[in-house]
Amino acid sequence: MSGISPMIGAGIASGVQVVAVGVGGPMLVGAMRKVRCRLEGRVGPPILQPLVDIRKLFRKQRLRPDQATWIFPLAPVALVATVAVAAVITPLATTRPALGSGSDLFVLVYLLLVGSTLLALAGLDAGTAFGGMGSSRAVTIGALAEPALLVTILALSATAHSSNLPAIVRATLGDPGSVATPQRLFALGSLLIVIVAESGRLPVDNPATHLELTMVHEAMILEYAGPDLALVTVGEAMRLTLLLGVFVNLVAPWGVATTTHVSAIAIGLGALGAKVAVVGVVLAVFEVSMAKVRLFRIPELLAGAFVLALLGVVSGLVVR
Amino acid sequence: MTDGTLIVAGAALGLGAGVSGAALPRRFRVTAAATLVWGACALEAAAAVHVLATGHPIVLRSAELLPFTGVDLVLNPLGALFVLLVAIVAVPATLHGIGYAQHGSATRSATCVFPIFVTTLLLVPSAGSVATFMVLWELMALTSLVLVLVDHGRSQAAQSAAAWYAVFTQGGAALILVGLLVLAAHANGQSFAAIAHHARHLAPAVRGLVFVVVLVGFGSKAGVVPFHVWLPKAHPEAPSPVSALMSGAMVALGVYGIVLVGDDLLGGGPVWWWLVVLGLGGASALFGSLHAASSTDLKRLLAYSTTDNIGLALLALGASGLFEATRHPLLASLGLVAALVLVLNHAAFKGALFLSAGSVQVATGTRDLDQLGGLLRRMPQTGALFLVAAAAITALPPLNGFIGEWLLFQALLHGAASGNTASDIAVPLAVAAMALTAGLTVVAFVKAVGIGFLGRPRSEAADGAVEVPITMRLAVGLLVGACIVLGVIPTLVFPAVERAVKTALPGVGTALLAHGVDVQLVGLRGVLAPATLAGTMTVAVLVVLMLRRVLAHQPAPRVVEAWGCGRQLQTARMQYTATSFAEPVQRVFDDVLRPVQDLDVSHVAESRYYIEAATFHNAVDDGIERGLYRPVIGAVRRWGQAARALQPGSVHRYLGYGLGALVLMLAALAMIA
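Top to bottom, those sequences are chains A and B. When you read off a place in the first sequence, starting at 1, and then add 9, the result is the number in the numbering used here. When you read off a place in the second sequence, starting at 1, and then add 221, the result is the number in the numbering used here.
Incorrect hints may have been included.
Here are a few chain A residues that face chain B, going by a calculated C-beta distance under 8 Å [what the hints assert, rightly or not]: (1) Leu72; (2) Ser145; (3) Ala180; (4) Leu182; (5) Gly183.
Residues of chain A clear of chain B, computed beta-carbon distances all greater than 12 Å [claimed, not checked]: (6) Arg73; (7) Ala96; (8) Ser110; (9) Phe115; (10) Phe139; (11) Leu153; (12) His170; (13) Asp184; (14) Pro191; (15) Asp237.
It is worth saying that the hints were derived from the structure and are not from the lab. Being a predicted model, the structure only gives us computed values, none of them experimental. Beta carbons: idealized from backbone N, C-alpha and C, even for Gly.
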């Protein structure tokens with residue numbers, strides 16, 4: 010298939026990435042649930058259960074609270090759409106995705122912010138107490154995660170002298186030693202904490218909780234039902250997968266395709282799936298051994314992440 | 222000299238607008254003045270576009286117009302960019318003012334002074350000498366002061382706000398005058414060209430002192446911490462078109478002043494200058510965004526967010542100066558581009574936000590978010606426009622706020638590796654400040670939109686709100702359109718910004734290249750494709766909408782009551798309010814914000830287990846005002862009280878004072894002689 014033009018190849022590769030994230034996301038969530046259940050001594054639902062649930066939700070009727078405006082149905086759509094765009098431009102299976110020259114870590118962060126901001130607005134749209142509570146907490150956590158996130162990007166960008174994600178991944182492939190520098194390790198530690206916080210996993214938020222007073226994300230989306238809820242669920246799973254995909258390609262980029270050949274992309278996809286699954290399982294094991302922290306202890310956790318990121322930048326300067 | 226004629230004709234039209242606003246009968250004066258103001262904006266903008274297109278400054282001199290000094294007008298590309306910025310805000314603000322005037326503020330003084338305020342805003346960037354600059358600057362300050370007081374009959378707060386504003390604007394102007402006079406004295410001439418020529422040979426100590434003095438002067442106009450305290454007082458009390466102009470355009474001229482003196486006149490300076498600017502910028506950004514996140518008054522929130530945005534621009538400006546001082550001309554150029562783009566974008570979205578806040582105030586009579594709610598259903602167009610402007614200020618792609626933040630981040634990112642100790646320490650901290658600011662801005666504007674425009678109305682006034690007249694919506698729409706255009710096709714203005722940068726920093730290269738609609742950093746690895754991103758996002762939304770339609774078995778939604786934990790009736794009081802929404806942020810940052818909280822519980826007489834009534838009071842006042850200025854005001858007041866003992870009303874005592882003073886002066890003269 011070397012005859013096709015690089016642009017079309019990149020387009021196909023990006024399409025594959027979107028589908029992989031869209032289908033793989035719910036499967037990752039299912040796998041993490043399964044691991045948790047087994048460790049807790051339960052059988053647990055099948056790994057494909059989230060996909061089945063989503064299919065079920067699409068068959069239900071759409072509901073709309075009487076006070077809600079057009080923001081309420083728009084937010085899930087925007088969430089899925091922006092994560093999908095992020096999956097198009099991010100180097101997940103290949104370092105040459107479509108529009109890769111504009112694939113900037115900074116752009117990625119703000120692209121994902123579109124979906125979470127609209128969801129926070131949708132939480133306030135129905136005019137209930139829980140929605141407001143959820144979105145108030147969600148935006149606060151998001152605001153506190155931001156410094157750690159951007160300073161992490163600063164540390165990660167040092168190797169490639171650019172915040173362009175494909176360039177960083179390619180630079181890492183060309184210089185494998187850069188993975189083990191203190192700079193990169195501190196930054197990746199910080200990134201992992203931020204990913205956990207942004208995707209609402211333990212110990213920041215408990216996705217399985219149904220106790221309203223401790224909910225953050227679940228309270229925010231309490232009013233969603235049917236197909237809209239299905240979109241929110243898919244969007245959240247996609248976001249987790251995408252962020253973990255970025256993480257694994259920064260930790261260990263090996264296996265990722267550097268061309269747009271079909272075979273290379275297939276290998277890249279397999280490697281990506283394996284790596285993300287490993288990290289997902291590790292996170293799940295971690296979650297079992299961990300309780301949710303109090304809401305007002307989260308700032309300390311995120312401040313810790315920020316300090317790690319800053320250490321990353323500083324150690325980069327010292328080592329230089 | 223047709224280009225010079227444009228400037229003069231524009232100024233004449235602006236003054237004519239002021240006269241007609243004062244002289245014409247009530248029925249015509251608002252529209253007549255507005256039309257003439259548009260004419261003035263169009264002519265000045267045409268001159269500015271001409272300067273930006275050719276790169277040649279327009280020079281005008283009239284020896285007769287101002288006694289002793291004459292008037293010098295030099296419109297260079299840097300000034301021209303700011304003239305354009307003013308015009309971009311002034312045209313919609315005037316249009317909005319037509320509708321706004323029907324609701325009270327069409328007094329003769331307002332319609333007379335508003336055009337003069339706009340005209341001075343348009344002319345300040347073309348001042349070419351110290352005298353001309355100061356005269357225009359003072360006219361701008363005085364006219365805006367009158368406009369803050371327009372509604373003084375309706376609110377006590379306006380009078381207090383005007384007093385604060387007067388102190389800061391006059392104090393700032395005095396400092397600017399001192400700084401410029403020192404430069405002029407050394408240059409043996411008061412034209413900016415002569416000053417720029419001689420300033421390089423000044424002693425470093427003098428240059429440093431002048432820079433700091435002028436920085437404080439312009440900083441007080443730009444709303445930089447700790448000189449920002451007038452903003453959250455004056456912006457809310459002024460009529461909304463005036464707030465839009467003050468926040469979008471006048472505050473931007475403070476930044477213009479710093480660029481003018483720091484880069485253009487003094488020709489850059491040592492590292493410490495710019496570290497001061499960086500520090501002020503970071504502090505302003507954090508302090509402003511934190512207070513914006515915890516404000517419950519819509520216009521106060523916007524005023525604090527102005528401090529935040531100007532802080533970001535100063536971060537970029539400080540970084541630019543820092544890189545220039547450490548010999549990285551390319552990065553310096555990129556930093557200044559970022560600063561100017563940030564200010565330009567701020568004018569567009571903050572203008573739109575203040576104007577829509579004015580529309581809300583007209584429709585509901587309040588700007589207290591805790592009294593609003595449900596406005597998106599009642600004022601669909603104003604609400605949607607406010608939402609887009611809020612998304613722009615939160616830097617969501619593909620709107621203009623994002624472009625500015627991206628440029629700032631790229632300047633800092635590449636500066637981090639520039640190998641200088643000062644920038645090594647300053648840059649990561651600047652990135653952190655910028656990031657926390659961005660996060661808090663999300664909190665502030667999710668709150669503004671979510672509490673103000675969504676949910677159930679929290680008062681009868683909000684429940685009965687109706688959409689404002691078409692002119693007011695159109696005015697906001699123009700600015701929101703600018704936000705979208707500047708976000709999707711920023712390459713439209715980059716050549717102009719580059720020209721302005723080259724005026725301020727001669728000798729630096731071009732920082733940005735436009736590849737069609739993409740933006741590429743020159744010499745650095747960074748590409749932004751805003752139009753492609755916008756296109757991809759639109760396509761993705763359409764695809765997902767289609768998927769939802771195909772996959773969902775029953776696409777039409779059923780309207781149901783929201784879940785209230787089994788309670789039958791949901792009321793507006795069960796929702797989160799602006800206060801409760803900001804509570805987590807307030808609690809996390811309570812060391813900085815120091816909220817004053819008061820909970821009063823009265824129990825039923827029969828049993829302490831039952832509560833009869835509870836009142837909760839929460840106030841976040843400005844810590845800098847409380848800690849820095851209140852003690853000073855208190856001291857002045859105490860001195861004043863103490864001095865009353867000197868005035869008992871006895872003529873004999875006063876004659877005695879006169880005699881004593883005379884004797885003292887004679888003694889002093891004798892000693893000197």
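Which hints, by number, does the structure contradict? 3, 4, 5, 6, 7, 8, 9, 10, 11, 12, 15
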